Amino acid sequence: MHAAALGRIALALATCLVAAVWLPLGLDALLGLRSVRSIALFSPVAGQFVFREYLTPRQEAALPAAEAGLAEHGLLHRDASGNALSRTDFENALPFQYAESLRVRGLLPVTIQGRAFDAEALRQGRLILGIRPADVAGGRPDPGLHALLDSRPDRVTLVFPEDRFRLAGRLEFVNADHNAPDPALTEAVNAALAAAGFVFPATAAYGRDTLLKPFDAGWFLTDAAGGLYQLRRVRDLPQVARVSLPPGEGVAHVQVQEAAGGAALGLMVGTSGTVYRLGGDLGLRALPCRGYDPARHWLKAVIDPFGDACIVDDAAAIAAAYRPAGGGPEIRAARAVPSGEPGPGTMVSWLLCPLRLTLTPETSDFVAPTLAVGGLWSALGAGLWAAVAGAYAWRKGGAAAVPLAAACGAAGGLGGLVMLFWTPHRPCASPLDDNPVACPAVAGAPNG
Amino acid sequence: MTRALFWKEWLKVRAAFVALAAAHVAAGVWAVVALRAAFAAEHPESVWYQAAVLGNVSFDILRHLPWAGGLALACAQHLPETRGKRLRLTLHLPVTMQRALSCSLALGLGLCGCLAAWDLAVVGLSAAARFPREIVTAQLAALAPWEAAGLAAYLGATSLLFEPTTAGRAQLLLVAAGVAAVFLLPAAPGAWGHPGALTLGLTLLAALTAVPFLAVSRQRLTGKNQ
Chain A
1 MHAAALGRIA
11 LALATCLVAA
21 VWLPLGLDAL
31 LGLRSVRSIA
41 LFSPVAGQFV
51 FREYLTPRQE
61 AALPAAEAGL
71 AEHGLLHRDA
81 SGNALSRTDF
91 ENALPFQYAE
101 SLRVRGLLPV
111 TIQGRAFDAE
121 ALRQGRLILG
131 IRPADVAGGR
141 PDPGLHALLD
151 SRPDRVTLVF
161 PEDRFRLAGR
171 LEFVNADHNA
181 PDPALTEAVN
191 AALAAAGFVF
201 PATAAYGRDT
211 LLKPFDAGWF
221 LTDAAGGLYQ
231 LRRVRDLPQV
241 ARVSLPPGEG
251 VAHVQVQEAA
261 GGAALGLMVG
271 TSGTVYRLGG
281 DLGLRALPCR
291 GYDPARHWLK
301 AVIDPFGDAC
311 IVDDAAAIAA
321 AYRPAGGGPE
331 IRAARAVPSG
341 EPGPGTMVSW
351 LLCPLRLTLT
361 PETSDFVAPT
371 LAVGGLWSAL
381 GAGLWAAVAG
391 AYAWRKGGAA
401 AVPLAAACGA
411 AGGLGGLVML
421 FWTPHRPCAS
431 PLDDNPVACP
441 AVAGAPNG
Chain B
1 MTRALFWKEW
11 LKVRAAFVAL
21 AAAHVAAGVW
31 AVVALRAAFA
41 AEHPESVWYQ
51 AAVLGNVSFD
61 ILRHLPWAGG
71 LALACAQHLP
81 ETRGKRLRLT
91 LHLPVTMQRA
101 LSCSLALGLG
111 LCGCLAAWDL
121 AVVGLSAAAR
131 FPREIVTAQL
141 AALAPWEAAG
151 LAAYLGATSL
161 LFEPTTAGRA
171 QLLLVAAGVA
181 AVFLLPAAPG
191 AWGHPGALTL
201 GLTLLAALTA
211 VPFLAVSRQR
221 LTGKNQ
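Going line by line, the protein sequences match chains A and B. Once you know that position 368 of the first sequence is 368 in this note's numbering, the rest is easy, because the numbers rise by one and skip nothing. Once you know that position 93 of the second sequence is 93 in this note's numbering, the rest is easy, because the numbers rise by one and skip nothing.
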């Protein structure tokens, strides 16, 4: 194959890739397409889930008159039955999340299921923990170096230590002042881990590498035997505690999230798929998260004195479950995300760009090119643009020019049509064969 | 003959390359000074945190220099050929057009590669003196796609300069800019470590490398510059 023919295929490939990356983003902006996730929270007042949803302008315009007045800039609140709520009713139904709103409305103290709560009690009773798909291992670049903060009980603020550790079978601490390993600290920490029963090598470290938290829960390390250990540093001395896992359970992910008050240290996802609340005492309590896929779903655990709620959602749907603290049946609810439903704009977008190559998907912090197609509308678009490009190429360059042009039209959609500039005129027989002898040297003719 | 072709190309670009090399040396010095200033202003552990967790780098100046340099080098190398209609002289040489163009691209890409190697060496060595290997690797991984944008800009500008038609130039401009924008996408250091990202980046660069051969071929077929 001639280099020019190879160049034509290469240009078609580059054009289709670039079109699939950038054209859908332009169409999203042009057509006002955006998908906004819904919010679901359990109301201990109403005894049901309430939702906040974003409606596209078209969906908002189609609301019945009774609901149209309750929508604010596309945001509409609903209860589990789908009835629209005003923002005030929504906030009043969620005293733990909107304690300040209730206070300014003079509704405090509020009585919930026979118990009175003032502003401080509401604030202390609220706990929200969450995991994004990008938080889970493999979803983001691993910095490889972690700071083991000193959790001195006599100091309010947290400060970074002069060292960070890496996992190299054992833990290895590197001093920032000298950019060199710190053998004494390394030995002390590894000895403390071994004394607690830690089986080297360490396989993963989970923690929250920031000072912007109320206290430091340390790092949770998994060992070669599948055990989970908490490593903390108190007055520069290592402290290790083993987390007691349920029988047969392994660690898939630990999301450390120090909650004010120290009641919870985060969430643990087990290899069985069960999600646990990791308590301040290192106790695990299973949460009602069923159908949770860490690679795809956002997970939110909302815990108050009356029960545990678990909400999982993606761009298309939201599902929620609530388990009362005092026992009783679980309450479940699920709704589709309105802005995730395909509308005319989405269909036009797929018709014009049958393929969409997303470089930075929501589920990853990596540049992770992800190809998506839009079902029937993509197929229609691919067929349409392939036919247009193929027909033009056949007319200008003969049958031999059709396959490449049609492929470019099908894969690149509207963007792929720019390859028509390169369609050869007769008698250049083949678009994949550049023989200058066969072509007339007509100045200005877009030949080749 | 090959040596002569390389020599011809070098004569065209040497002034631009010396200017670009000076700019890269200055940018390298800037990056080193910025790194020293960061360590002078804050405790080392804070700088480590910013580099390892927040993804801060001291060589932001190198985000736009490679692609601008790629454009400049392509213009210096190929504008004289296309504006002066000297391409036809190459056709009289006892080598194929493909070989002549390969030599031209090899020299241009080689010089871009030299500048990229300098940038990577300065960033890598200056970081290695202050940071552990994990952060050095992340910083090099942050710089690599910016250097790839330089190669894309060089190849795109080369194709554009050889392309004889306005419509074709418009397409090549869009494609080259689109590819460079992919490499310049704001992303955390190490975010290009995904296998899919590496595959996409290498595919785009490989595709752009083949396009100048098509553009030159079209020049010959349309009778322009001959």
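Quick caveat, the hints were computed from the structure, so don't treat them as lab data. Model, not experiment: these values are computed from the prediction. Treat each hint with caution, since some may be false.
[Claimed, not checked] Covered stretches of chain B, going by a simulated chain A footprint (3 or more residues, C-beta under 8 Å): (1) 43-52; (2) 110-119; (3) 124-132; (4) 190-198.
Glycine residues also receive a C-beta, built at the ideal position from the N, C-alpha and C atoms.
How the hints compare with the structure:
{"no.": "1", "hint": "43-52", "in the structure": "holds (count 8)"}
{"no.": "2", "hint": "110-119", "in the structure": "violated (count 0)"}
{"no.": "3", "hint": "124-132", "in the structure": "holds (count 4)"}
{"no.": "4", "hint": "190-198", "in the structure": "holds (count 7)"}
In summary, the structure is inconsistent with hint 2 from the numbered list given earlier, while agreeing with all the others.
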